[in-house]
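Residues 1 to 147 (the UniProt record's numbering) make up the sequence shown, in order.
If you are wondering where the hints come from, they were derived from the structure by calculation, not from laboratory data. Be careful, since some hints might not be right.
Stated by the list, open to error - Computed beta-carbon distance windows for the label pairs:
hint : residue 1 : residue 2 : range
1    : 134       : 93        : 29 to 35 Å
2    : 135       : 114       : 27 to 33 Å
3    : 95        : 19        : 15 to 21 Å
Unchecked claim - No farther apart than 27 Å at their CA atoms in a straight line, the calculated lysine-lysine pairs in the BS3-like style are these:
hint : residue 1 : residue 2
4    : 7         : 93
5    : 93        : 104
6    : 90        : 7
7    : 114       : 104
8    : 7         : 85
9    : 104       : 90
10   : 86        : 7
We put the beta carbon where it would ideally sit given N, CA and C, even for glycine.
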Amino acid sequence: MNSNSVKYVQSQRYSSIFDQLTSEFNNASKQIDTRYQRFILFSSPDNYYKDEEKTKITHSRGLVDAIMDVESLTGQATQNLELLKKGNRKLAKIYNRVNTMVNKHLFDVQKLQKNINFIMTRNRAIFSIIIGIFLFFIFCKIFLKFK
Numbered sequence: 001m002n003s004n005s006v007k008y009v010q011s012q013r014y015s016s017i018f019d020q021l022t023s024e025f026n027n028a029s030k031q032i033d034t035r036y037q038r039f040i041l042f043s044s045p046d047n048y049y050k051d052e053e054k055t056k057i058t059h060s061r062g063l064v065d066a067i068m069d070v071e072s073l074t075g076q077a078t079q080n081l082e083l084l085k086k087g088n089r090k091l092a093k094i095y096n097r098v099n100t101m102v103n104k105h106l107f108d109v110q111k112l113q114k115n116i117n118f119i120m121t122r123n124r125a126i127f128s129i130i131i132g133i134f135l136f137f138i139f140c141k142i143f144l145k146f147k
């Protein structure tokens, strides 16, 4: 996948989570406001909040915290994505450099074996020619002494 499409999918996912949590938060805050207004009009100040409303307030605080967490996570995700892109670019450059070094400067193994075999046969031929010349001189000297 292309990194832009991955980034787009991640941002869409975080956007949908953010929208869902925002709507839940708005619904909870509207419910709390209506119940708060109802208690102010028809009851004493001691009964403004019941345990049920207190839990809704804590839930709405939790929603706010969750929304803030999602926002910070989206920021971190985009930063991590940018770091990964930079790292991938660096790795691609290094990979290309290594490939060019290998292709330009290292021999093919079969070519290297052929070169080694050629040098060894040439050295054997030179060595056998030198030994042949020395043997020729030795035999010449031996035959000249007996004549």
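Each hint, compared with the structure:
A C-beta distance of roughly 60 Å is found between residue 134 and residue 93, which places it outside the suggested range of 29 to 35 Å. With their beta carbons about 31 Å apart, residue 135 and residue 114 fall inside the hinted range of 27 to 33 Å. For residue 95 and residue 19, the Cβ-Cβ distance of about 41 Å falls outside the hinted range of 15 to 21 Å, so the restraint is violated. About 22 Å separates the Cα atoms of residue 7 and residue 93, which keeps this hinted pair within 27 Å; it holds.
Between residue 93 and residue 104, the direct Cα distance comes to roughly 16 Å. Compliance with the 27 Å bound is thereby established for this hinted pair. Proximity of residue 90 to residue 7 is assessed by CA-CA distance (about 19 Å); at most 27 Å being required, the pair is judged to hold. With a CA separation close to 19 Å, the supplied pair residue 114 and residue 104 stays within the 27 Å bound. Between residue 7 and residue 85 the CA atoms are separated by roughly 11 Å; this keeps the pair inside 27 Å, and the hint holds.
Simply put, residue 104 and residue 90 have alpha-carbon atoms about 21 Å apart, close enough for the 27 Å limit, and the pair holds. At most 27 Å may separate the alpha-carbon atoms for a hinted pair to count; residue 86 and residue 7 meet this at roughly 14 Å.
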